[in-house]
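Enquirer: Chain B: place on chain A using the hints.
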Amino acid sequence: MGPVLADVLFVTALIGVLTLVHRPLGDYMAAVFQSTKHLRAERWIYRSVGADPDAEMRWPAYLRGVLFFSAVSVLFLYLLQRVQDKLPLSLGFKPISPDQAFNTAASFVSNTNWQSYSGEVAMSHVTQTMGLAVQNFVSAAVGIAVAVALVRGFARSRTGELGNFWADLVRCVIRILIPLSVVAAVVLIACGAIQNFGDIHHITTLTGQRQAISPGAVASQEAIKDIGTNGGGYFNANSAHPFENPNGFTNWLEIFLLLVIPFSLPRTFGKMVGSVKQGYAIVAAMGIIWFAGVLAVTWLEYAHPGTAAQLAGGAMEGKEQRFGEGNSSLFAVSTTMTSTGSVDAFHDSFSGLSGGVLLLGMMLGEIAPGGTGSGLYGMLIMAIIAVFIAGLMVGRTPEYLGKKIGAREMKLAACYILVTPSLVLIGAALAMALGKGQSSMTNVGAHGFSEVLYAYTSASNNNGSAFAGFGANTEYHNTMLGLCMLLGRFLPMVFVLALAGSLAEQKPIPVTAGTLRTEKPLFTGLLVGAILIITGLTFFPALALGPLAEGLA
Amino acid sequence: MTTDTSKTEIEKQDSMSTPSTPTLAPHQDAPTGHKADEGRVGGGLFDPKQLLSSLPDAFRKLDPRVMVKSPVMFVVLVGSVLTTVFSFKDPTDWFGWTISAWLWLTVIFANLAEAVAEGRGKAQADTLRKAKTDTVARRLLADATTEEKVPGTALTIGDLVVCEAGDIIPGDGDVVEGVASVDESAITGESAPVIRESGGDRCAVTGGTKVLSDRIVIKITTKPGETFIDRMINLVEGAARQKTPNEIALNILLASLTVVFLLAVATLPPFANYAHSHLGMVVLVALLVCLIPTTIGALLSAIGIAGMDRLVQRNVLAMSGRAVEAAGDVSTLLLDKTGTITLGNRQAAEFVPVHGTTQAEVADAAQLSSLADETPEGRSVVVLAKEKYGLRERHQGELTHAEWIAFTAQTRMSGVDVDGRKVRKGAAGSVITWVREQGGTVAEDADTVADRISEAGGTPLLVAVHDERGARVLGVIHLKDVVKEGMRERFEELRRMGIKTVMITGDNPLTAKAIAEEAGVDDFLAEATPEDKMALIKREQAGGKLVAMTGDGTNDAPALAQADVGVAMNTGTSAAKEAGNMVDLDSNPTKLIEIVEIGKQLLITRGALTTFSIANDVAKYFAIIPALFAAVYPGLDRLNIMRLSSPDSAILSAVIFNALIIIALVPLSLKGVRYRPMSADKMLRRNLGLYGIGGLIAPFIGIKLIDLLISLIPGIG
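As they're listed, the protein sequences go chains A and B. Using this note's numbering, read the first sequence as starting at 1 and increasing by one per residue. Using this note's numbering, read the second sequence as starting at 1001 and increasing by one per residue.
Chain A on its own, in the form it takes in the complex:
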């Protein structure tokens, strides 16, 4: 079997299984968020934090819940890193420096999982499992909760009530993320991923060199790393490390895991707004952009010019021999377009244009299919923008899912789409203007610029993957990237929840023949076009000076 055929089968199997799974999973998630019953474990949690899970919240209350919970999480994670040496199972690691601890706390709470540290030489067992792994669950759940609140905004009428944040958060963790992670972790262990709390092994290699082999509860963290589109690896090498990603099957499984919730949430959305077709239109737009990215990167990598690349059958530098060209490309596109950020190959080593596609994947705002929850609400915001323009062209003031897109809705959607481009461009421009970008580059010319651009794009869009060459662990970048992550995560949530509140208060407009049909392929096409033009063009000049300049040279 040639490598191309293998890749085709690999992708086909992935799409096939996603297609099969997204329906039951999406329906299940809808049922979870619409259920009126509480599990015993959940009741116990509500009692211990003093939350009333049945109290409906208007958007400000819901937002307060999100912000309060996240602020406490940042503080806790920061303190944990600062005192890890005094806690058990410290492995002898020192406390993390203040700027890096802030960066890491911001990173894991914002579901970015940008890592300016190397896990195996910095983080203790307690920090990894009590701090980082817990955030892997709850930060993903916060994203899903906000998305569900927005969906309720569409589904409900004449009320400002968006559900209960604490109930959504706890249910998402208990009923969705933990069960999925347990199953995934068991499979990963069965396939060879490690799971222990042992000490560092010091071994002597065949060539006589000494090597430290780090232990850890890897499989469990690996599962949620992908399922929650987190991406923060136990080890620095992330999914390229054999303890995290032992073989070709686990590689496939990890890609599947990081795509499965984002691609299933549109179904949940469709179910909750009472029209699964609306969900299909959204998932189709996500799928088209994702698949186009996969095709582009795979093709660019195979066709990479250069003698070495052609002899190896593709640009193999920085890629795992175990996974090869096609699987690495598929992983790379999936991880950048889902805000996951875990990697099984180094994006720095991709060809100039492929690197550009990966960057663009993040710049689109992590919506194809995007992070858990954040992908859905980001895509719905883009749908609102698309509806606004297209809706006018059918001769009515715009409406989406029976809700008017008036000045207030437009204001919130416009603020949303302003946030991440501002952070990316201003962040990168400041770094370049102050010379901080240049000093952290490990490459020269356009590729060096791509590293800086990539870092700020990744942080602001809560992706977390890095162009490996970039030296991010400086006080300046730790602080600035940390701010980008926090603002890039929580400012949009403010606008999403305010929008949800505004939509929920409206009375629904019935569908007539004069209504723009947002469940039709035409609308999906329009949505894709609007995303590429509006979001893509914002970054065209910057991309021209980085990946395009390099790739077209």
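Do not rely on the hints blindly, as some may be mistaken.
Claimed, not checked - As a list, the in silico EDC-like pairs of lysine to aspartate or glutamate whose alpha-carbon atoms are at most 16 Å apart: (1) LYS1223/B with ASP1174/B; (2) LYS411/A with GLU1247/B; (3) LYS507/A with GLU1540/B.
What the hints assert, rightly or not - Which residues of chain A face chain B? A partial, calculated answer using Cβ under 10 Å: (4) VAL394; (5) LEU522; (6) GLU550.
Derived by calculation from the structure, the hints in this document are not laboratory data. Built from N, CA and C at the ideal position, the CB exists for glycine as well.
Expert: Just chain B now, kept in the frame of chain A:
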């Protein structure tokens, strides 16, 4: 004919037959002089000369305080100032000067679009002002007999004024005494005088119109300065123009796109410096202006003004732009049956003989007996007899020794006694009584036939004769409401657009149903009272629908106010005009459909030009980015797919295209995009293809052509 319903029916028919005071034919088509060009909502006229004459206004609008209202164009203005300042610093830089000149032109073209749109309203306002000449009012004093002369501006609400033939009515009010014919051409453009009388629904008079005959006493209902004509002037001039909700929302989107592109351009120098490419202010501003949505930013307010103007051209005054937008969203139309769906009067459709007589006999008797009936129904009998049965129309004079019995509301019959033969035609009850009085009998099947006609929604008139064979009923005339031609197709179109039509009528449910079916409306409200109408509107609105209706009577006022689009007829009462948010000067209820179409056309034009504007950016990038950076990264020249001749020429071509496209689209923004009723799906496909795909491709061609021209100029190519 004993059932109650049929009786009321007949009485209704009769009361309708009563000749009423002729007023301005309420259902006539738009007066001449306001003819729409091809297509129902084809659009207004556009004369290139307007561009020239509006130029001074365009310059006047350069005031930053005015410009700041349009964020996109304000950015262009600031950019123009910046590039001009930088050009002064380097006066030998022809490139900087040329770019500055074209940026100024971009701003002026945008102002020009707005000025042209406003200019058309100004001409209309001037005409109206002429009507508002200073009038002297003859105010009645408390004793109601003595008059004093006061200026029209000194009148207050509640004053009684007297107007006689030749007087200009000094202010808006209601006639409280007398009846007069009034020339309202100053407002409606219609020269035929109308009747205004006290009481009823035709009591409202408008200041500035002229009394042609008789004497009326008017109670003033509005303050000077707030009269209908004042409001009209403000409206057509755009003085009262406020941004509509959708315009505000669109402005927000445009502003946010502007900010995004501002960021993209402002952050470029640090990136470019790293690549050793040092960008000047002029090229940065040029790039920015090309990227921000200037096309729609420039034309947005012109589109709005032109939309209102298109209504004015159809003699409809919208009190707010909001109402015009709402018209596009309407999903339920309440249409009055009479005058909108049917012609004003019932017409004879068929002669049905009773047992033992022939159709020809009935036709002959019906015609004969109707010659003395001058009501429209009566005339229609004569016409039917002629058209369908070939009976030559006879004239009363032809028959000697004939005694004509004219139709009256009391007898509800007409007929003739000639050669010892008495022929009668009329309401069933009256004719039956007459036959019995004459000692005749009523054939049993006369009843059956009459019932059948009633059930079908028609009105039966009986034809009877008293001759040598005695008095008897010959047959029945089937009178029915005649649905206006083409209404069925129109309702079909409306249905495809997703608009539900509801027919409102005072008829009983049976009649209403028959007409509703024939006309093809979706629903009907029979025996409708104002309360029923109101309830229907509220019910529709509770379901999230927007409702449009027309009305003229005072009792329509609450419903007009409740409806999202309430079109008051100009012939209506001031209460109705006050309650609605539009006034139709022609008082033509069918126009409601056109109003909806104009609303839709306005929104489509806005959306189409927004799409076009955004889609344009792709080509501009392909022109400018290689021009900026191909020097430091030669690979980027591969993006120069248009093969533009030089970096300077590429940037200049993009800027020139960006300016010229505004002027090129002024006619479209004033006329509105071509609109035909179709489903949302089809409409989206069509407009997306035209303005989306077209917007992607057009600038590639346009920029290339401009570049070809520029490269011919020595020293540039």
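Enquirer: Take the hints in turn and mark each one as holding or not.
Expert: Consistency of the hints with the structure:
no.	hint	in the structure
1	LYS1223/B with ASP1174/B	holds, 13 Å
2	LYS411/A with GLU1247/B	holds, 12 Å
3	LYS507/A with GLU1540/B	holds, 12 Å
4	VAL394	holds, 4 Å
5	LEU522	holds, 6 Å
6	GLU550	holds, 8 Å
The structure agrees with every numbered hint stated previously.
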